[in-house]
Each structure stands twice: as C-alpha cells, then as structure tokens.
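Trainee: Same order as they appear, the protein sequences are chains B and G.
Residues 50 to 678 in the numbering used here are what the first sequence lists, from first letter to last.
Residues 50 to 678 in the numbering used here are what the second sequence lists, from first letter to last.
Please keep in mind that the hints were generated in silico from the structure rather than gathered at the bench.
There may be inaccurate statements among the hints.
No copy labels: a pair is met if it fits in one copy or bridges any two.
Keeping only pairs whose Cα atoms sit at most 27 angstroms apart, straight-line, the calculated DSSO-like set for lysine-lysine is [to be verified]:
1. 152 / 141
2. 105 / 201
3. 223 / 93
4. 239 / 56
5. 152 / 484
Protein chains: 2
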Amino acid sequence: MALANRKMQPLALAQVRIADGFWRPRLDVNRTASIPHIYALLKKTGRLDALRLAWKPGDENPPHIFWDSDTAKWLEAASYSLAACPDAALEKHADAVIDLLAKAQQPDGYLNVHFTVVEPDRRWTNLRDWHELYCAGHLIEAGVAHFEATGKRTLLDTVCRYADHIDSVFGPGKRTGYPGHEEIELALAKLYRVTDEERYLRLAEYFIDERGRRPHFFDEEAEARGEQPLRHRQGDRSLEYWQTHLPVREQSEVVGHAVRAMYLYSGMADLAAETGDEPLLAACRRLWQNVALRKLYITGGVGARHGGESFGRNHELPNESAYAETCAAIGLVFFAHRMFQTEADGACADVMERALYNGVLSGISLDGRKFFYVNPLASAGDHHRRPFFGCACCPPNLARLLASLGTYVYSASDDAFYVHLYVASQATAEVAGRKVAVTQETDYPWNGDVALVIGLDRSAKFSLRLRVPGWCRKFTVAVNGKRAAVRVTKGYATLRRVWKDGDTVTLAMAMPVERVAAHPAVAEDMGRVAITRGPIVYCLEQCDHRAPVRSIALPDMTRLTARFARRILGGCVVIEGSGLAPAPSGWKGNLYRRAADLGAPRPTKIRAIPYFLWDNRKAGAMTVWLPRA
Amino acid sequence: MALANRKMQPLALAQVRIADGFWRPRLDVNRTASIPHIYALLKKTGRLDALRLAWKPGDENPPHIFWDSDTAKWLEAASYSLAACPDAALEKHADAVIDLLAKAQQPDGYLNVHFTVVEPDRRWTNLRDWHELYCAGHLIEAGVAHFEATGKRTLLDTVCRYADHIDSVFGPGKRTGYPGHEEIELALAKLYRVTDEERYLRLAEYFIDERGRRPHFFDEEAEARGEQPLRHRQGDRSLEYWQTHLPVREQSEVVGHAVRAMYLYSGMADLAAETGDEPLLAACRRLWQNVALRKLYITGGVGARHGGESFGRNHELPNESAYAETCAAIGLVFFAHRMFQTEADGACADVMERALYNGVLSGISLDGRKFFYVNPLASAGDHHRRPFFGCACCPPNLARLLASLGTYVYSASDDAFYVHLYVASQATAEVAGRKVAVTQETDYPWNGDVALVIGLDRSAKFSLRLRVPGWCRKFTVAVNGKRAAVRVTKGYATLRRVWKDGDTVTLAMAMPVERVAAHPAVAEDMGRVAITRGPIVYCLEQCDHRAPVRSIALPDMTRLTARFARRILGGCVVIEGSGLAPAPSGWKGNLYRRAADLGAPRPTKIRAIPYFLWDNRKAGAMTVWLPRA
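Let's have the full structure, built from the sequences with the hints guiding it.
Mentor: Structure representation (structure tokens):
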C-alpha cells in the first residue's frame, strides 16, 4: 500500500516489548486493575447486557447512544493487552463480548444497540447529535486492534460488514452525511490499512471532505427532522463546535469540542499520509501549529473551556477552570503521532511526550481505578478522580492508550530507525532490508541517560535517529563509549553508519530543574513560572505544605533540588527548595488591603511533585503555576 | 410603625436633591436616555402590548414568565425619575402602563400576563421555576414607588389587591409556598411600610420562614406536577441555588444564585428591622460578613460563577471568568443599605460605595443605552455592553437604582444626621424634633474635600455623623474653619453640638493613589495588585497602551500620579505611571520557555482609567489586577 506522505512507520505493538521502570508498573496496573475495573463497570451499568438486544420500551436503563463506544474502547484496550501479555480469562471475556456484538449485528450489517432497540425508527436521522458514526468508528478500531493482537477475524469481519453497510448508505450518489462527533474517519483509515480495501479510505475521505460544505448538511438534516437549523438560533459560530464552520481544507484554527477536533485532525492526517494529498496535509500543519503554539497547556492538556468542552481563543489557557479533558489529551497524542510520522519533526513528538507524561497520565489514579475527566492546572481542593462517569469516554480511552504504548516509542523507515520516546524496551524492525533489534535501557523520565544496544545478524548501514527533546539543552552521544559528533535536524540527532551487532549508543541528556514561563499572551500565567524537569511538569500539592499552596511564590534565585523519593507516590523525583508564603496576619476584617501594609513574606519549604501524580494522597489544593517573587 | 432594630431611617427621595458633578450628568442620562430607551425596548419586544392580554395560542412571541418584572422595574425607575424631575410625557407613558396593568388584573386580584394568557391552568403550580412571586414583588415595588413619587394610588391599589390575593392563597392554614426567585419578601416589607397593613409584613415573614423547611416545598410541588424532586437527581447541594438548603435563620454562607440571595437577605434584613427579630438579624449579620469578607470582588461585584449565576466557594474570585452580574451588585447595594441602617456600621456603607462606584456603574455605558449583564475584572477584548437582553433584568434595575440614588446618601435618627455618601446635594430631614437642611458640596469621587452647610430655623443639638470611608487613612474635620477633634466609631466621625444656622463643616480626606492586594486565599490575585484611588477601582484598557495590557506588570516602587483628564471618557481622574512589558522577542515557535531566557522587561507608560468606564472607547482587552514586579 502507498505511503505517499509518511516519512516513517510506527512499529507494531508486537514488535515492541516494554521493560521500563516507569511505564511497566503502570501498564501492569492497566492490565490487572483498570481493564478489569472498566469491564466490571461496563457490566454493572448495563452496557454489556445491552448487547443482547433484550431492552424493551418501558424497561429501565435504556441503552444510551454512546454505550457501544465505551464497550468498543474496552475491547480495543483488552486486545492490545492480550497482544503484549496473554491472559486466558481476559481473552474469554473479550470473545464473549465480540460474540454478542456479532449477534447484535442486523442482517444488513447495521450495528448499534440504541438504534436497534430504543429508537429503531431513528437510524441515521441525527448524525449531528446522536453519535452513531462515532460508535461505529470505535467498533472499527476495536475490530482492527483485535485482529492485529490475536489474528482472529471475528470482530474484524463484523466491523467490515458494518463498514460496508455504512459505505452503502453514505457517499457520492448516496445519502449525504458526516458525523457530529468525528472518529470514524481515523477508524476507516485503520481498517483500510489492515484490509487493503480502498473503499474504506474513500469513505473516510468522503466524510472528511463533505464536512463544512454548503449547503450545510446539519441544516438539511435538522429540517428533515422538522427542526430549525441550529445556527439560526445560535449564529454561525456554533458550527465551530463540530468543526463544520468551514470545509476542513480551509481550516487554520483549532476550534470547538476538543476531542472531536483531535479525532478529526488525526483522521485528516491519516488520509493525507495515505493519499499524499498536499492541500489536506497543509491544513493539518496549520491546525497543528495553532494547537501547539497557541492552545496547549504546559501539561499537554487541550480544550480550555468547560462550555462545549471546547477550545478557547488563542492563548486562552485558564488554570483552575481548565477543562483539558483526558480524552482530548489522548486525542492530541493521536494527532501528534500521525504528524511526526509524516513530518519527521521532533517538535511534534515533544508535544506527544508532554501530553503522555503529564495531561494524559494525570487522568488515572496510581491504583488504576479512578479517573479524571477534567484536568485543571490548579485546584482549591475540590477536584478528585472518580471510578467512572455516566459519560464514560475517558477511562477506556486511557486503558487503550496505555495498552498500546509500545507503538509510540519507535518508528522505522527504509533507511532509518527512529527513537521517539525513552522507554526501556526491546524492539525489532526491518530497516534497510535487514532485521534490526534494539534494546533500550533508561531510567527516564527520572534521569536523562539512555543506552541503546543494536542487534544485527550481520552489519548494515542505516541511520539511527534519536529524538533530542525540546526541553533538553545539553546532551552528548557516544558510540561504543566514544563521544560522537551528531547533527540535530528537526529535533533528531542522526548517527548514520554501518552498524555491527552489539554496537552500543549512549545518550546523556542533562536534566536540570527548570523554571518555565508561558508566552506573555497567556494572561493567567503572567508573572508566574512552572517547575519542570525533563518532560515532567511539577505541581505543589497541599498535603506537602503548611502555607496554602496557591499563595506560595517562588523567588527567581532560590535553589531547587531534585531527588528520587522512593516512598512518595510509588517512587518519583520530587523537587524541593524554598518559596515565600504571604504573612498571614492583618487580614481580620479585610478582604482587600494596601499592598504596602502587607507584612514581609516568609520563607517556606516547598516540595513539588509530578503533576500527573496529584490527588493520590490527602485531598487538597494544587497549583502548577507559581507567582514569581 | 415600629422601628425596633433600625438605628436610623434613610431619607425619602423627595427629601434629597442631587446637584453633583459626578452623579448629576449620569442621572440626567438615566432620565433622558436610559429610561426612554428601555421603554422603547419594552414596547418593541412586545412586553407592553402583552399587558392587553390579547395573545392567543398559536400567536408568535408568547409573553414570557418574567416580562412583567421588566415592565415593573421600568415603572419603578420612571416613578423615581418623576419624583426628582416632573416630565409630562414620561408620566403619561407610566400612567398608560399602569392603566393596562389595572385592566390586566383578574377579578380575584391575580396579575400576571403569562399565567393569564399563555398557561392559565398553571397558575401557582411551579413557584420554583416560574417567577410568579418574583414578578409580583416587582409590581409591588413599582406600586409603592409610584405612590411615593406621585401621590397617586392607581398602581398602589392594584398591587394591594394583588398582594391581598397572594395573601389569600399562601400562608399558615392556606397553601404552602415560597418563591424560587426571592424578591416579594422585600417588596411586601415596603408595602407594609407605606400602607401600615401588618398582613403584608406577616406574609413576607411567612415566605422567609417557610424557606428551607423540611419536608421541602419544592419537592412537594414537583411531585404534585408529577415530576421527580430535583434533588433526587442533583443531590442536596442543588438546593443552595435557591437558598433553600437550610431554614434561613440557620444559614451562614452566601450561596447559590447571587441575585436571588441578595434579594432574600435584603428581605430578611427588612423583616428583622421591623420586628426586632434578633435571631433573624444574627443570620443577616453572618451572611453579610461572609459576602463582605469572602465573596466580594474589589469592584463590589458578587456571584463569581457563570454556572447558576452563582456564588463560588469562599475566596473563589476569578477575574476573566467572573460573572458579577450587574443585578447582583445592585442587590448587594440593597442588602448593604439595609444593614447599615440597622448596624450603623460604616463598613456596610463601604461595601455599598464600592459597588455603586464600580461594579454597578460599570453595568451601563456612558450614553446610557448599552448594558453589561456580566462584569468581569479582565477581558481579552471580546466582552461588550449590549442594548438589551432576552432576559432583561439588568437595564431597568440600573435605571431604578440610579433614579433613586438620593435615598442612599443620608439617614436621620432621633438625634443624628448621617452622611453616608459624598454627593453634592441638598437634603432636609427632621432630627431632634427640628427641621434640618444640609447642603453638601464636593467633587467626590475625584477628590476628598467635602463641605456641609447646616440650615436651621433655630439652633438645635444633635449629632452630625460623617462616614469615614474604609479606604481613607488620613482626614481632618473642621467646623466653621476650625479644626475639630472627632472620634470615629464604626466608620462614622461624630460631631455632637448645638448647631446654628449656617454652620459649615468641612471634611478633607486625603485621596492618594493606592496599590491594593487581595487576601492571599484569593488564588487568582496572588502576586498582583489593583490600583485604586478613593472609592474608585482602576483598570488598564488596551486602547491606552501599545503592549498587551494583560502582560503589563506594575513595579512596587514606581510613582503613579493622578490627574483629572477633561477629555477622557467625559472627564475623569486617570492614573499614569510606568509599568513593565515583557520583552516580545524569542517566542517564535514557543509557547513555553525557560524563564531565565526571557529578555529583560521594558518600561512602558501606563494609564489606568476607572473600571466602571471601560468599554466606552475602542474595543479591546482590559485588566484590573496587575502582576507585581
């Protein structure tokens, strides 16, 4: 199949084995706690039983329009987990669910529980609001993942029949349409890759290109339901919620519902990579630049606003009221992953790393059984993870991302092996016609030393391209113990040579504690700094402090030291030093006072912990951005 | 009538003539622009024609459940305006509306357009959501205002009949009930004062004391409609929205919808003042302390959250996302006004002054024809006043408050004359059995010099009590040119003596520019200061600056100077000095950077304008709280 625009290809899950001190325990928690926990909740909430199609009008707990997607994402997570670690019980559960799905499929291929048992006469009548194509997309992703993980065609065949059905309904000369919640586009691209069936790619292309065209499909669809078009009530801007305000090729600013946006752009990037569609790729680049340089939290969170779960204006990045949905950060990882395959630009991988280690990982508790839907950068102490949500998109989304982490670490091209993430692991790939094995050893993200050992049957010439993260200002590379001069191009240090079996490359990245400032247009962070070290963004949590953490200022000059604290939060590097707490006195009877009357602030010990670990101890306030003093 | 708890009584509108350089032009704009503008919009939107009861099912534009309240507030504003300044055309308009109201009244006294023509079978079936008692309250306030202003009983008689009807429906032994949107409580207290009919006060007492009792009336009412009680869905906290989570006497924290809260507490304070009900007054005091010391913007705005238009937690006072509804600041003025009549505590009047000169006045444009519903303390430049709102509570609320400003300036007790606000005016009152005339001269709020001339038929001994604002740190008082030693008790400087006709008192308050800090628990203002001078809170507006205003920091030590600028915004004191703007370079390709790499900030001229005047020039960003540097 063509690879017109991609400069490299990610390794498949089966090609990578993770053996990392940081990630391995988290992936194990995902496998042993999160995936069973989510399964139990799918069952308890009726999502699994709903697949039996036994619900009848008058019964309680009608299957909801997005339930199928939750089940599908769990299946996808379970599949990735099975690929990495066989588990007979899990496989049995998955097969049972897949069997129910196959039986729930209608003779024409249609597969959606809600619109089969609750509103059978409303099939495809409200693509804008009712998540049918969204659920279909997740089922397709699950089918692809399950096939790739297990080699079984059971779910793949089911979702192919469903995709065939959808293809028979929508497209040029058929019904007009596209989803209100994007997702099916990237799913169809995956299905195309695994089946080589070009119809699926063309259907994705149809959904992408139809989006935003005038006359506007959502208007026509509303009128067909006897409703007023929405934008007559809310103005044209409301179309931005669905990214349908313009044809996608004309879009330049990331807008609207953040998860939808990220899934759409990922699908666009997939399509551009497969078809070599330059104008579409150009739109992806503009949207990428906009999100990465104007609408990205330092944690990798995206989608600033609670209203509409949406992007705000450029540089609108409030902290306590940040939405930064876990699923949106995951969607950003998807978009970033596609962009750097195409662009070979480490800046895209930097964003992926930022999200992974911060705004994605914050979504899940240490025990793997509680989740954030919303990931603010400051809290008064009233924001906590929960076991599940009525709208349960985030937990299984985290589970599937973590279970598939291996695919994000490396890529291979015809003559280069790329290391994007520093994760201790073994990988195998074909590069320059030869099978290359790479063993990576590192304690990243807690320190910046990485060793890579190359395994080869016989010598081969190719490039080893090591990502030099944007946060890294000083590094050295050595080959077999000898310092090597390397050139860094677009964020990758390249070693091109004839490699021999057993060659060892070491990368030593200095990882000092840094104070980071936000662009001055980010009004809420003016006069503030965040503490970072390597890829990790830090925060102050109340339980480590006596003074209210949100009142503590950080002098520019005080020394901050990093140490690995084995007993804190399962073991992590904490950063300690001295801050300034406001004098507490003089406020009796006052909410506002002359600044000149404030007493001198008092030095106070501070301890910063990784942001992603907050809310795993005693409930309390938290803050990322500290006022400078 | 008893005055068990009030230490003083405000002067009636007829007793005060305002001749103030600051307020007079604004009151004239209110009379000549705002009141006619609002009348035109009431007419244009169908609110006035609706009073003819001609709407029939199937017609467009059904009269909305809160329309009557908009009309009533306009009538109240028109009445106050007529009291101060006869205007035949306005009187004719008002009389015509009053005539329509009388004709719209049903034989049993009921008077509500929506529930007469749109949903006649739903009368009194949803007090929680449908604003019937709220509209009734505003009609009653209008009736009282119109009678006091014109001596005509037309509207007063109508609203008495309506109040009698309501009294026949609700109360002990009758139907249980109280409003979802409080307002009728304070209105009934006013009606009691003007009619001396104790039933009205008892009905207010019933609504106040029934509130929050268990079993919960809103539940019973919902069940009677065949609906689930709300709190079964949303948890008990949702009751806070309506201040019905506890019996009002047990409440200590201001919660829920801010306007509703302020109107309720005002009604509670009225009732306590009339009945001498100490436990109720104690609840008012606790609620007052909570709002004044924990939930008040520096502008006098209240109600931090857009969600539910409601109060946030203690110290939750975000700036850009502040709700601070104009009506809530007006409600705070009502509550404050009642509290200092009872408490004789200048701290209450300080809050009233803070709201009046900042968060209330910001609600209206210089030309009197555009209004803020929401009053944030920072803006990216996308927040602007509008001519009217679908929910049009704020414009006529501003109009009635401004038209009745005279009643807020002075109070009289048996042996004291109180000056609460510094507003050039003439006032007459009875103190110590004698008629006292007071002429006040001042350029407040632009400077702190005030002269008061006492007019008396013959000498009389009484106290003159001058409020020394909380912002004032240095002042002198002189009588007939001779410095007087005064003691300040609870915010009032008292001169007790035998006054002669022509005695002149001068109060000279130093009014330096101040940098003010917020309590360290107000997380968003940490490390920031606001610029104030006298009662006026300042802001930076983009059109006065080249650097983005929200990026400008204010060094602690630079000099800030005040000058009266005749040509700016109709004439106002502006504050000028030097701030620091971040170096603009180095951000290409970066949203976050090492703080140590930032270039040195550059001095930049700043000009601060009064907050209430922002958004009257070129649209742009605005900020109140500046980072300290």
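Trainee: Under the constraints set out in the numbered hints, which ones does this structure not fulfil?
Mentor: Numbers 2, 3, 5 - these are the hints that the structure violates, sorted from lowest upward.
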